[in-house]
Amino acid sequence: VFRVVSSGTTRGNVIEVVGTAQDNGFMLSLPTANTKNFTITWDMLFTTSATVFVDVMTTAGQRYLTYTASATSSLGTGQYVQFGLGSTFANGTWRTVTRGLEADFRQAQPEASVLSVRAILIRGTGMIDTIRLGAPVCQ
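Just so you know, we're using the numbering used here here: the sequence shown kicks off at 1 and counts up by one.
Bear in mind the hints are in silico, worked out from the structure with no lab data behind them.
Simulated DEER-style distance windows between Cβ atoms:
# : residue 1 : residue 2 : range
1 : Ala103    : Ser49     : 21 to 29 angstroms
2 : Thr20     : Ala135    : 36 to 44 angstroms
3 : Thr59     : Ala135    : 18 to 26 angstroms
This one's a predicted model, so the numbers in the text were calculated from it and none came from an experiment.
The C-beta atom is built at its ideal place from N, Cα and C for all residues, glycine as well.
Whenever a hint applies, use it, and build me the whole structure from the sequences.
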């Protein structure tokens, strides 16, 4: 289930995703690929295991920057590049996550670069609010 609901707080309406653990996935596609703004911020409240994927096109092909509650980042040289954001990623409280997609990607695959952001995919049960793409973060 993917629906807009009242958050029960001063946030107003939020996107609620309800699935069976990580068996269900939900995708928010951008109307056109974003080729300039590679910093992503989103607010989230998850109480169970959650994974957020950011679908990007790179000079090495399609990649999924994958953010989880793991304490470590396994990175990777293939299509899935995994970043662990720690246990607070899904601890039942609202949390704001901000990631520099180009910087994250280059940690794993320094020879390539991000060309565009295409979609955000979510696995798990919880609420998402205020997804934003902004200007690249200077390193």
